[in-house]
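Visitor: Numbering-wise, the sequence shown is residues 145 to 294 according to our numbering.
These are calculated hints, taken from the structure and not from any lab test. Don't take each hint at face value.
BS3-like cross-link-like pairs, simulated, lysine-lysine; straight-line CA separation at most 30 Å [to be verified]:
1. Lys-221 / Lys-173
2. Lys-232 / Lys-294
3. Lys-232 / Lys-268
4. Lys-221 / Lys-177
5. Lys-294 / Lys-173
6. Lys-232 / Lys-177
7. Lys-232 / Lys-290
8. Lys-260 / Lys-221
9. Lys-290 / Lys-260
10. Lys-232 / Lys-260
11. Lys-268 / Lys-187
12. Lys-294 / Lys-187
13. Lys-290 / Lys-268
14. Lys-187 / Lys-260
15. Lys-294 / Lys-268
16. Lys-294 / Lys-260
17. Lys-290 / Lys-221
18. Lys-173 / Lys-260
19. Lys-290 / Lys-173
20. Lys-221 / Lys-268
21. Lys-187 / Lys-173
22. Lys-221 / Lys-232
23. Lys-232 / Lys-173
24. Lys-221 / Lys-187
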Amino acid sequence: MLRWIVAAAVVGTGCGGGYAPVGVQAPAKNVVKVAGTLTFQGKPLANYMVSFIPAEGAHNAVGVTDSSGNFVLGTNKPGDGAAVGSYKVSVAFAGPPQDDSNQALAPAPEPDAVPKPAIEIPAKYTDPNTSEITVEVPSGGLTDYKIELK
């Protein structure tokens with residue numbers, strides 16, 4: 145639950161249009177299914193947030209990988225996909241899965257107490273401007289998009 149709260153905050157802030165609180169911005173239009181797999185040197189990355197940052201518009205699409213590196217993006221709500229268009233992509237460790245019991249009310253952990261990822265990736269992938277990953281989401285969506293980090 146906590147990861148989706150963070151993802152919703154990222155989605156709600158948009159890109160290029162300044163800060164817009166979650167729920168204030170109009171829903172994205174032309175949202176299509178986007179799902180795929182994230183790997184690093186052939187190994188699946190678990191618990192990583194995949195963010196599609198649009199070249200134009202103000203709606204990011206975000207998803208978190210499962211233990212097999214699979215993800216489904218969400219824009220207006222978890223799992224609904226991404227709007228048709230061009231994106232830069234970033235990838236960052238999201239932390240271990242959270243249970244839904246009052247995690248939003250729990251205090252933030254100390255930085256040293258935050259679990260480290262099982263597989264570390266180069267820092268360049270955490271920034272959409274340095275990741276060198278771009279994608280075009282077509283009107284038919286993407287159901288098996290592979291992101292292979294090196």
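Visitor: Okay, which hints does this one fail, numbers in order?
Guide: Violated hints: 5, 18 and 21; rest satisfied.
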